[in-house]
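Visitor: Could you slot chain B onto chain A? The hints should help.
Spelled out, the chains give:
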Amino acid sequence: MKGGYTGKILRVNLTTKAIGTIDTEKYEEFGGGHGIGSAVFFDLVGDQLPFEAFDPRNLIIMMASPFSGTFMPGSGRCEVQGLGPMLYPIEWFGHSNFGGRFTAQLKFAGWDGIVVEGASDEPVWINIVNDKVTIESAKGIWGMDTWDTQEDISRRVIPSLKYGEWAELAENCHTTQMPAVVCCGPAGENKSRLGCLLHGPGSQAALCGFGGVFGSKKLKAISAIGSKSVPIADPKAFMDARLWFRQFQWNVDNPREAERFGVGGPYSLISGRPSGGNVLNRDIPLTPARAAACASCPRGCRMRLATGDSNESVCAGTMVINVNGSVKFTRQGNDLMQKFGLGHWQLMPLLGYVQALYKEGVLGKGRPIDTNLPLDQSGTFAYAEALLRQIALREGIGNDLAEGCARFAEKIGRYKQDVNSGLLGLVYYGTANHYDPAIEAEWGFGSLLGERDLMLHMMSNYPIHWMAWSGDPYLTAEECAKLYTDAMEPYQGDPFMVDHSEGPTGIYSDSKVKQVAWIKHYEKFWIGAGGFCGWRWPMCITNNTADRRGPTPRAEEKFWNAVCGKNLKFADYMEIGHKIYTLDRSIWVLQGRHRDMEKYPDFIYDRPTMGSDMTMYIDGKWKYDTGKGRKLDRAKVEDFKTRFYKFEGYNPENGYPTRATLEKMNLKKVADALQSKGRLG
Amino acid sequence: MPEDKKAETKEAAAKKQLSRRDFLVTGGTVVAVDALIATTPAKAVAETAVTPSPEAAGPTYPASEGYLVYDSKKCAGCTTCMLGCSLVHYGVQNLSLARIQIMQDSFGKFPNDVKMAPCRQCKAPVCVQSCPTGAAFVDTANGNVRRIDSQKCIGCKTCIKMCPQQPHRPVWVVIDGKGKSSKCDLCLDTPYWNEKGGPGGKQACVETCPMMAIKFVAQMPDQEETEGYDVNLRNDHWLNLGLVDNSTVIPKKNPVWKVGGGEQQ
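From first to last, the protein sequence lines are chains A and B. Those letters in the first sequence? Residues 1 to 681, by my numbering. Those letters in the second sequence? Residues 1001 to 1265, by my numbering.
It should be emphasised that the hints constitute simulated quantities derived from the structure, not laboratory data. Heads up, a few of these hints could be off.
[Said to hold, decoys possible] Subject to a maximum C-alpha distance of 27 Å in a straight line, what follows is the list of computed DSS-like cross-link-like pairs (lysine-lysine):
1. A/Lys-569 <-> A/Lys-2
2. A/Lys-236 <-> B/Lys-1161
3. B/Lys-1161 <-> A/Lys-228
4. A/Lys-2 <-> A/Lys-17
5. A/Lys-631 <-> A/Lys-646
6. A/Lys-328 <-> B/Lys-1152
7. A/Lys-416 <-> A/Lys-631
8. B/Lys-1252 <-> A/Lys-328
9. A/Lys-514 <-> A/Lys-569
10. B/Lys-1253 <-> A/Lys-2
11. A/Lys-228 <-> A/Lys-162
12. A/Lys-664 <-> A/Lys-566
13. A/Lys-8 <-> B/Lys-1178
14. A/Lys-26 <-> A/Lys-569
15. A/Lys-132 <-> A/Lys-162
16. A/Lys-599 <-> A/Lys-631
17. A/Lys-162 <-> B/Lys-1161
18. A/Lys-328 <-> A/Lys-17
19. A/Lys-26 <-> A/Lys-228
20. A/Lys-26 <-> A/Lys-668
21. A/Lys-482 <-> A/Lys-558
22. A/Lys-162 <-> B/Lys-1157
23. A/Lys-669 <-> A/Lys-646
24. A/Lys-566 <-> A/Lys-228
25. A/Lys-218 <-> A/Lys-8
26. B/Lys-1252 <-> A/Lys-228
27. A/Lys-26 <-> A/Lys-132
28. B/Lys-1178 <-> A/Lys-132
29. A/Lys-132 <-> B/Lys-1157
30. A/Lys-228 <-> B/Lys-1178
31. A/Lys-162 <-> B/Lys-1109
32. A/Lys-566 <-> A/Lys-236
33. A/Lys-569 <-> A/Lys-668
34. A/Lys-328 <-> B/Lys-1109
35. B/Lys-1252 <-> B/Lys-1109
36. A/Lys-411 <-> A/Lys-359
37. A/Lys-218 <-> A/Lys-139
38. A/Lys-8 <-> A/Lys-669
39. B/Lys-1157 <-> A/Lys-228
For reference, chain A alone in the conformation it holds in the complex (with noise of 0.2 Å):
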């Protein structure tokens, strides 16, 4: 390996308290990150298919990518893999991320990634520095919250730590950084399915209940430090690669069309500028703050006040606690949320249903569905602290809704009703509906497709939809359908993979069938082998650029090959996407995936739609429009699986990969395992 890869992912036992090493060049061919995790997964565990998310045989997988710890734009997120308890009805080998600097400084201690398995008697933490690591009791640790545990961990791992001078890490080893801390919170020691991992004060690995893994395995937190070197196979072309891509970032000091991008509305998320991503401060008058960034990151979405509260949080996470009129306990509910390790996107269906049973009469004091929670002052912090804490600590009714919004469903009976009522909007294995499968008919396939919502923005949704939807869309539909499409090789030159109308050419089409399998295989190599962020890629489109032509396809295989000193082809990589994608379905399947488990709930299929901005082709012309009042077709979307299936490899009888496909990928061994079981394709 020229360059990208420290050579060695680390492997920690916690039941035998082993700690090892696998050689990352042996999963080269998978890319990194993601594609790595996913190939670990299955040689350590996938014979022994199917288990439960909280069997000690689990594994929690922490993967780094060629780019972590290196400047390439937006790169910074560490990829968690494993089964995930929050999702339904069977706890898929999901997939969840995060940002900040902890893949960085995992890089930097000489580690691509790391494989937790079994689980401790008691309490741990993981201590790594360089290349010594060690199992540490996690006394006087456990129960502390999120920002408490990494504060205390910080001053464990340096204890002459002082925050704007050196330490010496080793002999020879120096370095100014702060340890990068990831831990679970108590709604995770208490194997919550909705406990989160948190690093720093708001970057959550929100999906899939990864915090109640960490807490099934006694596993508090991963403390990461290192002053190594990540190896650049072309340094010079690295860096003239940087400087190029300069021209899609904001220009902070002199944007283009500052008037028109620069302030509020949609445009404030998705031109690419400074701060914006948290939405509580954006009142007169404001709180100083700064933008803040992940690690190389060029955008900084965050912010860092100076009262520091919601630090670091944006989106979901500084709008699930919402309390009436005060910025204030708004923002510190949020942080509780964060503290007590409660992911936000799941939280947000939840606190949802409980007030939906609540008006409807079922739930309260006294009623058949009994609980303290004080439901008359809903809006209030006082609620909103007793809510959080008592499905964190499972308290009273906690200790049910801390099984997650589907199985809290399930055991109250409701399940079924709800969901296909769409009273609790749960669309995709559990986890909630997001942007319409009706008209964002990519962002629902992608996801039903997946193991869980599809969460990646800048498939068409941010830069189409968000566009539209601002009022003022800097290119006009047919514009915008071509030049978007042609930055997805190799389906380049369709326009029509981005109609999203009812018509021939749209959301059922064959053109849909290819964008839907470009966004998986994006997502499983760039965005997961590559630990891209799902709010800058892929940057097809952009308002930053006298052409509005974005940095894909070409910025990725420039990075890629100069860090890994490689000489392939965007498209190439796209396939090792595939691949991946063909990887997971395979495990996927071994746990017990159908293609008749690919249904949304009927509300999906027969609700009339509230319409959402996009381009659609409708009588001969481009234009955005919202496709109101549409209904999605049970039998259009059935046929659209078959021939997606078709398109991928797979069977489109059952959706299992077949053996051709499988073996075509070198992947023959999987082949095998899904012989075994019955289920080639």
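Guide: Same frame as chain A, now just chain B:
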């Protein structure tokens, strides 16, 4: 220095002229950087040669022809500058090798949550004064930049111990198994970059910083002020992002939230 870096191109020469005028774009207008600095607590000191203060008696050193000033309120803490620095000098990415250090406390309160620490190219460079072998020197052939010659460095760490700044600006690196000091050379010697550095050239940290929070200037910042290098590089475009350093500041364009929908008119 590689041969290709020795030849000064027309482009570099033009850039040199421009940089000596030290223009900054602020709020759509162009102002001289010394005027901008003069608005900060640290006044610009225009000297071409300086004498150390009486309490720092010693040889006289010609002033460096270049300095890095920065805006710690504008920094986003991405550490791109550090990685750019280590890349162009060593061909790897490593925060510990970076000659500019950015430190941050994620749980801290703005503006004290970030500290920026580039070398100050001091008027009276203690690292040069104290070096027992002459490895730390003033490069009179290259704009009087304070540098360290790694061939002469014996790894005694005197420069590190004597540096009055916290964190100390000389950086300890291990080269071929031997520990040595290194320090910012304003990118004079960057074997892994296709650009000319030093005064009149480009600096990796300046070029890579996405927030434009680091600036090369020719005028010496005030040496007496602790924060003399920490200047205001923000203009109205920055304020319009809703990023103020004082709650009484009201951006000209309030960050309002409104949506429309539909085809462009």
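Visitor: All hints are to be evaluated individually against the structure, with a verdict given for each.
Guide: Structure-based check of each hint:
1. A/Lys-569 <-> A/Lys-2: holds (17 Å)
2. A/Lys-236 <-> B/Lys-1161: violated (33 Å)
3. B/Lys-1161 <-> A/Lys-228: holds (23 Å)
4. A/Lys-2 <-> A/Lys-17: violated (32 Å)
5. A/Lys-631 <-> A/Lys-646: Roughly 25 Å separates the two Cα atoms, so the pair holds.
6. A/Lys-328 <-> B/Lys-1152: violated (57 Å)
7. A/Lys-416 <-> A/Lys-631: Distance of about 21 Å is within 27 Å: holds.
8. B/Lys-1252 <-> A/Lys-328: At roughly 24 Å apart (the allowed maximum being 27 Å), A/Lys-328 and B/Lys-1252 satisfy the hint.
9. A/Lys-514 <-> A/Lys-569: holds (19 Å)
10. B/Lys-1253 <-> A/Lys-2: violated (49 Å)
11. A/Lys-228 <-> A/Lys-162: Status holds; Cα separation ~20 Å.
12. A/Lys-664 <-> A/Lys-566: holds (21 Å)
13. A/Lys-8 <-> B/Lys-1178: holds (25 Å)
14. A/Lys-26 <-> A/Lys-569: Status holds; Cα separation ~22 Å.
15. A/Lys-132 <-> A/Lys-162: Since the Cα atoms of A/Lys-132 and A/Lys-162 sit roughly 21 Å apart, the hinted pair holds (cutoff 27 Å).
16. A/Lys-599 <-> A/Lys-631: holds (15 Å)
17. A/Lys-162 <-> B/Lys-1161: holds (17 Å)
18. A/Lys-328 <-> A/Lys-17: With Cα atoms ~44 Å apart, A/Lys-328 and A/Lys-17 exceed 27 Å; violated.
19. A/Lys-26 <-> A/Lys-228: The hint holds at about 22 Å.
20. A/Lys-26 <-> A/Lys-668: holds (16 Å)
21. A/Lys-482 <-> A/Lys-558: With Cα atoms ~23 Å apart, A/Lys-482 and A/Lys-558 stay inside 27 Å; holds.
22. A/Lys-162 <-> B/Lys-1157: Satisfied, since the Cα-Cα distance of roughly 20 Å is no more than 27 Å.
23. A/Lys-669 <-> A/Lys-646: holds (22 Å)
24. A/Lys-566 <-> A/Lys-228: holds (23 Å)
25. A/Lys-218 <-> A/Lys-8: The given pair, whose Cα atoms are some 25 Å apart, holds under the 27 Å limit.
26. B/Lys-1252 <-> A/Lys-228: violated (45 Å)
27. A/Lys-26 <-> A/Lys-132: Holds, at about 23 Å.
28. B/Lys-1178 <-> A/Lys-132: holds (21 Å)
29. A/Lys-132 <-> B/Lys-1157: holds (26 Å)
30. A/Lys-228 <-> B/Lys-1178: holds (15 Å)
31. A/Lys-162 <-> B/Lys-1109: holds (16 Å)
32. A/Lys-566 <-> A/Lys-236: holds (15 Å)
33. A/Lys-569 <-> A/Lys-668: holds (25 Å)
34. A/Lys-328 <-> B/Lys-1109: Within the cut-off at roughly 15 Å; holds.
35. B/Lys-1252 <-> B/Lys-1109: The hint holds at about 25 Å.
36. A/Lys-411 <-> A/Lys-359: Status holds; Cα separation ~19 Å.
37. A/Lys-218 <-> A/Lys-139: Roughly 11 Å separates the two Cα atoms, so the pair holds.
38. A/Lys-8 <-> A/Lys-669: holds (23 Å)
39. B/Lys-1157 <-> A/Lys-228: holds (20 Å)
Hint check: violations occur at hints 2, 4, 6, 10, 18, 26; the rest are consistent with the structure.
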